[in-house]
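Participant: Chain by chain, the residues run as shown.
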Amino acid sequence: MGKTYSTKKADIVIRLSEFEMPPMQDVLIVGKKAPIGPEAARRMVDILSPEQYEIIQMDHPVIEAIVIRKSLMNILEQDKLITTIMEEGGKIANDQMIIKAQVNITLEVSKSIEL
Amino acid sequence: MIKKVSEIMDVNFLKVGPLDCVSAMKNIALEKNINYFPIVENNKTIGVVTYKELIQAHPNRIAVDAMTKNYSVITHEMSIWEVKSIFEDESADLLIVEKNKKPVGLVTPSLLEKEFQKHFDLLTGLPKTDYILYQAYELIKRENEISIIFIDVNNFGIIDKKYGHVNGDIVLKEIANTLNQHKPEKTYICRFGGDEFVILTPFQVEVTNKIAQELLDIIATKTFCNGFKISISAGISGGRRITGRISDSYSTVLNLINIASLACSQAKMNTDTIRIEISSESMDIA
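As you go down the protein sequences, you meet chains A and B in turn.
Numbering of the first sequence is given in numbering that gives the first Met the number 0, commencing with residue 0 and proceeding in unit increments.
Numbering of the second sequence is given in numbering that gives the first Met the number 0, commencing with residue 0 and proceeding in unit increments.
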C-alpha cells in the first residue's frame with residue numbers, strides 16, 4: 000500500500016474600494032414585506048449622515064415607503080419627484096424588495112437679456 | 000360604581016424598544032403567550048406591535064417598522080363608557096392605557112365588547128344603571144342640568160301571575176322598546192331592575208315633567224301583546240339646579256334616583272294610573 004497525501008488550501012481574494020457615504024445613495028424604495036423597514040433605513044443613515052433623509056409613506060399595494068435625500072426636494076417639488084420615482088420604481092418593485100436608486104437632477108436655465 | 004378601564008384592560012403585554020427585533024418578539028409571544036408589545040422610546044409610547052403585526056412583518060425588521068400606528072393613548076382612570084365613545088369616534092384598532100405616562104394595559108374593541116355584554120340587559124337590550132351614572136357624570140361635568148324620571152309598571156306582578164313569566168317578559172320588552180323609541184333626543188334610558196326604568200334628562204323639571212307625561216300617555220294608549228293594556232307610574236327628581244358646583248356627582252345621581260323612586264312609589268299609591276310626583280328635595284350643591 001502506498002502512502003496517501005491530502006492537502007488543504009484557501010485562496011483569499013480581497014477587493015478594496017472606498018466606502019460610499021452614505022451607503023444608500025439618494026433613494027430607497029421599501030417594499031411592504033422587505034426585511035428592512037423604512038424607519039430602520041432612516042435610522043441607519045441618520046447615524047452616518049444625520050438629518051439628510053426623510054421617510055415618505057406611500058399608499059401603494061406593494062411599496063410601504065420611500066426614504067429620500069432631503070436635498071433633492073429642494074430642487075424639485077416633492078410630489079413631482081415622488082411621482083417620477085414611482086413611475087419607474089413601482090414597475091419593478093415587489094413587496095419583498097428594497098430598491099436603491101440614484102437620482103441626478105440637472106437644471107438647465109437659459110436666459111436672454113437685453114443689451 | 001362606574002367601571003374604570005383599569006378594571007378590564009389586558010395586562011398581558013411586554014414593553015420593547017424601537018430597535019428590538021421582530022423575530023425575538025415573535026419567540027417571546029409564542030413562549031410567554033404575550034399578544035401586545037408597546038414600543039417605548041425616551042419614556043414615551045410611540046407605537047404598538049400586536050400579534051397580527053408579528054405574523055405579517057419580516058422577522059428581520061425592527062419593532063418600529065412593524066408597529067401599528069392606528070392606536071390611541073388613554074389614562075387608566077377613564078370609564079369604560081368613555082372608552083366606548085373613543086372607539087366609536089376614532090378608528091383606533093386598540094388603546095394603550097397609561098398611568099403616570101407609562102403603559103399599564105391595552106384595550107381592544109373585542110375586549111370592550113365582551114365587557115359591555117355585562118352592562119346591557121339581555122331581555123330588553125337597554126343599558127344597565129351604570130350607563131345612566133356615567134351620562135349624568137358627563138352632564139354634571141359640562142355643568143348641564145340633570146333630572147331623573149323613575150318609571151315603574153303598575154301591577155306588573157299580576158301579568159306574571161295570571162299570564163305567565165314568558166308573557167311578562169314580552170310585555171317588558173315592548174315597554175322598553177316603546178320608552179326607548181319615544182324618549183326625546185339628549186335623554187338616556189336604562190333598565191334599573193325588574194319592571195323599573197330610569198330616564199336621565201338634561202332639562203329642568205318642567206320640561207322633564209312634560210316628557211314623563213307624554214311617555215305615560217303613550218304607554219297608556221298602546222295595546223301590548225295579547226291585547227294587554229298597561230299603565231306606568233313615574234317619579235321625577237332633580238332639574239332644579241340654578242348655579243353651583245356639585246361636589247360628588249356619583250352620590251348626587253344615586254340620591255336623585257332614590258328620590259325619584261320614592262316619588263314613583265307615592266304615585267303608585269295614588270288611585271290614578273298616570274300621576275307624577277315631583278320631589279321637593281333639592282340637589283346637593285356645594
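No wet-lab data here; the hints were simulated from the structure.
Glycine is no exception: its CB is placed at the ideal position from the N, C-alpha and C atoms.
Careful: at least some of the hints might be erroneous.
Just some of the chain A residues that point at chain B, by a computed CB distance under 8 Å [as the list claims (entries may be wrong)]:
id: 1; residue: Lys-32
id: 2; residue: Ile-35
id: 3; residue: Pro-37
id: 4; residue: Ala-100
Participant: Now tell me if each hint is right for this structure.
Facilitator: Each hint, compared with the structure:
| no. | hint | result |
| --- | --- | --- |
| 1 | Lys-32 | holds (6 Å) |
| 2 | Ile-35 | holds (7 Å) |
| 3 | Pro-37 | holds (7 Å) |
| 4 | Ala-100 | violated (20 Å) |
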